[in-house]
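Asks: Listed below are the residues making up each chain.
4 protein chains.
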Amino acid sequence: MAAEVEIGRGKSGRRAYALDEIGIVPSRRTRDPEEVSVAWQIDAYRFETPLLVAPMDSVVSPATAITIGQLGGLGVLDLEGLWTRYESPEPLLAEIASLDDARATLRLQQLYAEPIKEELIGRRIHEIREAGITVAASLTPQRTAKYYKAVIDAGVDIFVIRGTTVSAEHVSGRAEPLNLKQFIYELDVPVIVGGCATYTAALHLMRTGAAGVLVGFGGGSGHTTRTVLGVAVPMATAIADVAAARRDYMDESGGRYVHVIADGGMTNSGDIAKAFACGSDAVMVGSPFARATEAPGRGYHWGAEAHHGEVPRGARVDLGTIGNMDQILYGPAHVADGSMNLIGALRRAMATSGYSDLKEFQRVQVVVTPH
Amino acid sequence: MAAEVEIGRGKSGRRAYALDEIGIVPSRRTRDPEEVSVAWQIDAYRFETPLLVAPMDSVVSPATAITIGQLGGLGVLDLEGLWTRYESPEPLLAEIASLDDARATLRLQQLYAEPIKEELIGRRIHEIREAGITVAASLTPQRTAKYYKAVIDAGVDIFVIRGTTVSAEHVSGRAEPLNLKQFIYELDVPVIVGGCATYTAALHLMRTGAAGVLVGFGGGSGHTTRTVLGVAVPMATAIADVAAARRDYMDESGGRYVHVIADGGMTNSGDIAKAFACGSDAVMVGSPFARATEAPGRGYHWGAEAHHGEVPRGARVDLGTIGNMDQILYGPAHVADGSMNLIGALRRAMATSGYSDLKEFQRVQVVVTPH
Amino acid sequence: MAAEVEIGRGKSGRRAYALDEIGIVPSRRTRDPEEVSVAWQIDAYRFETPLLVAPMDSVVSPATAITIGQLGGLGVLDLEGLWTRYESPEPLLAEIASLDDARATLRLQQLYAEPIKEELIGRRIHEIREAGITVAASLTPQRTAKYYKAVIDAGVDIFVIRGTTVSAEHVSGRAEPLNLKQFIYELDVPVIVGGCATYTAALHLMRTGAAGVLVGFGGGSGHTTRTVLGVAVPMATAIADVAAARRDYMDESGGRYVHVIADGGMTNSGDIAKAFACGSDAVMVGSPFARATEAPGRGYHWGAEAHHGEVPRGARVDLGTIGNMDQILYGPAHVADGSMNLIGALRRAMATSGYSDLKEFQRVQVVVTPH
Amino acid sequence: MAAEVEIGRGKSGRRAYALDEIGIVPSRRTRDPEEVSVAWQIDAYRFETPLLVAPMDSVVSPATAITIGQLGGLGVLDLEGLWTRYESPEPLLAEIASLDDARATLRLQQLYAEPIKEELIGRRIHEIREAGITVAASLTPQRTAKYYKAVIDAGVDIFVIRGTTVSAEHVSGRAEPLNLKQFIYELDVPVIVGGCATYTAALHLMRTGAAGVLVGFGGGSGHTTRTVLGVAVPMATAIADVAAARRDYMDESGGRYVHVIADGGMTNSGDIAKAFACGSDAVMVGSPFARATEAPGRGYHWGAEAHHGEVPRGARVDLGTIGNMDQILYGPAHVADGSMNLIGALRRAMATSGYSDLKEFQRVQVVVTPH
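Protein chains in written order, with the numbering used here: chain G, 1 to 371; chain C, 1 to 371; chain V, 1 to 371; chain B, 1 to 371.
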């Protein structure tokens, strides 16, 4: 049934679809937006809004993690970002916003070359914790073994392990790689891990005991992974594949439901609705919040791949500012481009399509249609 | 036979087509354009021109409804627009045309926050009625129960119930939703209802007793439903699906013919011809008439979704002015972009393809070809 | 085997291909460009260059028809253009080149409203005839009955009947339409007729006794038939379909070979090569010659559909001037955009693909590849 | 299984894919980039970097051939370029970089009209040879018979025969064409020959005894072969087809492995990774090195097809300068557009996909996804 096409005599590949190649089709019923539930629960944590904000310095600082939590979402702090490398990152964030484009990548590389201070990991988590919200923070797989104790000791609620591609089976001749399965088993907190983009990779991540998997290659809206690495797995296909792995793993495991969290590539509320329509349980976004008045990036946006020392795969992009985080999540919107009232738009997409909760909405009919 | 494609392991969807992805193919015959009939009849009302002008304040006022009627078409007045909220909307229309883009959405939201005056509903209908033309006016499903008596009492000929998506089965826990079937049964006037975009949704609307169904999500040429909600059903596919529902419903009902009216997304005469080629009985357009010298919008164009208070899904767009309504309908055209002589172009498309009336022309051969 | 796709439940259509969606694939042989023959023969007339220049006032005047003939091609004079409406069109051609874009369509409509002078038909043909080259001239089907005697009397060699769509079966209630079959039978000269774009329409035209059929909807590079009428049959598919009709008609007629002449939509030498690869015997082009220093349009280009009085379907476009007709046909080119040395490029395409004459080259392998 | 589509009734063709239509899909494993091998060996020559720099005057001079060799790659000198036509090409290279666009093609044609000096062939090869690196130089098939002795005598290590299309079976009535098979048999050095783009053409080239075949039509990033000749075989399909020929020829020949070298159309590191993913053993690139500070073209780039005297099929393009050759190959990159650290990006694409050497990486999964 899969649309396998012959690229040449020696190579075939599936046709894969991006979110902007699909459209949601309303059913024969409609509902009131106010009666739609967009609540999401992972492990013991319930959120009124199924939205994680990505661990990127341009959007999540300790302060905005608190704001996002108070608004019903989950902001994830990057524990390898400026906040654990510097005592006072604010002047550096201001400097980044003032760089001209030509110099931005080089300066980001310099700033992120500063070593991580283990002591700051604990301090940042405490800062968020004091606000009484659910605390989530992220490490890359490469640094998880080194720093996870500091993270757990500081009292994180949800542990995020996030990289461009995270596999359950990293092969290395130099060092003992992170044994994800054992690591997750020994931790007391739920772990969300990714990115991954295929059925098989996701199934293996689910078998490590993760509470959730991130689908996609992360990165901000300025990411250039396709151009630099040639790696590209469009999100609509990736989400649907991983959702199928969730179903099969639930059967295999006797009922464990691992959450599928679309991560990256969603720049407007329409994309978010389509991610759920393809099977996501929640979404992780960055760029929509880079446009908030509270965003540490001051309207500029970049991800970890933008400051990679050797092979940067993203740029600092200027998105501008449109409103505060409350407005971006719940409106009212005064623009019509899908950048504000993300949750209001999601409710309306569900209502106009006839669905009353997110789990049902994963079954909504879609069409393939080029933009 | 349907082109169902696998988006991912957990999700499939049909390939759906937009009007600009198809082209009309002439048959082996040709005809004289002058001998082609484009007449259309719905219920007891016959129109020389199969064209409804959409209920949008930028195109239909009481005055232009009269002009359109005198020219052989049917202008539909929006009974939830400025003309039922204000005694004298003209200064407000002038103000809208003077707003800069950045402020337009917010100001539209403010202007349309003014309550509807029931008394004005009757008065506007009377103003049109006095001209002796067929009178059509529209309400959204949400307000139909509240205002329909005022509309009927004022003597509307054709009642239009129009929303982004109108279903025969609206589910609401708050209030008794409009029972379309009973409502239409009790009315004495023919009802046109929509938008809808699928076979099933259309079939259910046809079973309510509607005389016609609107295909599409309405909205002006500046609509952003795809970006904001993720909802998108390209028009060529939607029209062809609903035309199939018309045929099946005619069989099921023992011969009731429900008119299929393509609504939205047609910006030039080529699109209009293609809508008929896909199975439309008539078309409802907005933006082509927003460019008329008589248009209340003064060259600017917006739909109801542009002033939604919480989730606006369209913008006020500047289309400019190109000629009067008579020229736009019947030419002669002095530009070659499909914006003038809409009916002359439709006649010529039919003639060059060898068809002499609209019902036959629904069978014309088409090809799929990217623009 | 045809790629019929379902557009919606009530409508299907073939996927059709434009020339710029295909690419020529070299075979395993190569040849010397100098040893390739591009000669073409229709009826008793042999041409070293398989190229007709379209009957458009911007490219073919009596003077340039002579130039083109002397260079080995065939320029077709439009007998319904300025040269048969005015004694001295030169000042009008200069005026057209000086119009601003906004006024161009209207002024063209005015200039072409001048009646045709039958006397001038004969005179123009004589002017060309005196140069001793093959004379070709065109009328639309609507005016063929009225003027063909004047054309024949003046001694045309090849008679071209050309319109947007020409069918063998025009249906008219007003007047007796041109009976193509009888008309062609009675004439002594070979007739080329079109446009047509489908297998069936072409087969019927072949049965009229035509020596050649024009494939396409004619028109210059500024034509907007798709936007205005919705009619669109991409050229690669149209040529291949009509080439199949040629083969089937040859069988049906016991060996009559009707030439297939791609007409319109070829703007560079690559397009021309692809037209032959799809099955053309010759090509009719306009825009490449509008850029000649000798072109009457002075770098501007327009077709008959651009000055249609009611429904213009094309614009006057500014293409600029790049070289003389000899250079455009035979080079050497000093630009690399396919606008010069059309025949040199065709030879090289054939040679690099391993073919030595045009008839063989119709079998060259092609791929479908989006631009 | 091949996606043969019907273009029209008389013509079918395969759907062929460009590199930018595909994406690499990571497997379920990941690796450390440092443990990935990108080494490549052809005949007795081993390279740490699987990258040939194309014989184009804008990138390979004797000096840069040495630099590239010292960096682990293989620079191929064009023996029909400025270095064998002029004693001192440096002033001419400076002049080319100073031409305005409109005059560039004509001046290139003039400069390359200067005859080749056989004596200079030997001298240039000696200049490179003295540096102690592997020496590679190229001729076109047309001039190979005339000059190959001078090349061999001067001590070339790898002989490259390169043209737009090189076939094993060139048909010519004028002169005895190069008998590739006999020629290669008699030479003592390994020969790389191309371009070719199909399974059959490649198989025939492999049977001549070539050590490697070039896939593609060569040319710089400014090539216009598709526009000028209509010839186009997208690279992803071409590489995969030729890789299949390699496998079948290995079987047919009892084990001879002919290297597949993608040549042309790769402008960033993502394209290079995808070329390997489709089956390449090595890649030949030009434009990425035209941007080196050492490049003879001073940021301008052109290929042999740009100065063809009769039918130029490429332009001199201004790419600008971004860093030295070491940085372009091995980084670190300070831009995120795939133009620097080509080998670092390749390693990372392989590592993130779970592959440890290039031969394995040819099997990586890919998807088809429009850009």
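Calculated from the structure, these hints are not laboratory results.
Please note that the accuracy of each hint is not assured.
Identical chains blur together in the list; that is why a pair holds if it fits in one copy or across any two.
[As the list claims (entries may be wrong)] Using 25 angstroms as the maximum straight-line C-alpha spacing, the simulated SDA-like pairs for lysine to any residue come out as follows:
1) Lys146 - Gln182
2) Lys359 - Thr200
3) Lys181 - Arg28
4) Lys359 - Ser172
5) Lys181 - Ser88
6) Lys359 - Val171
7) Lys181 - Ala97
8) Lys181 - Pro33
9) Lys359 - Asp101
10) Lys359 - Ser12
11) Lys359 - Gly173
12) Lys149 - Ser12
13) Lys149 - Arg15
14) Lys181 - Gly72
15) Lys117 - Asp337
16) Lys181 - Ser356
17) Lys359 - Arg174
18) Lys359 - Val5
19) Lys117 - Arg107
20) Lys149 - Glu310
21) Lys149 - Ala97
Keep in mind it's a predicted model, so treat the numbers as computed, not measured.
Asks: Where does the structure disagree with the numbered hints, that is, which hint numbers, in rising order?
Replies: Checked against the structure, the hints that fail are numbers 5, 7, 9, 12, 13, 14, 15, 20, 21, while the rest are satisfied.
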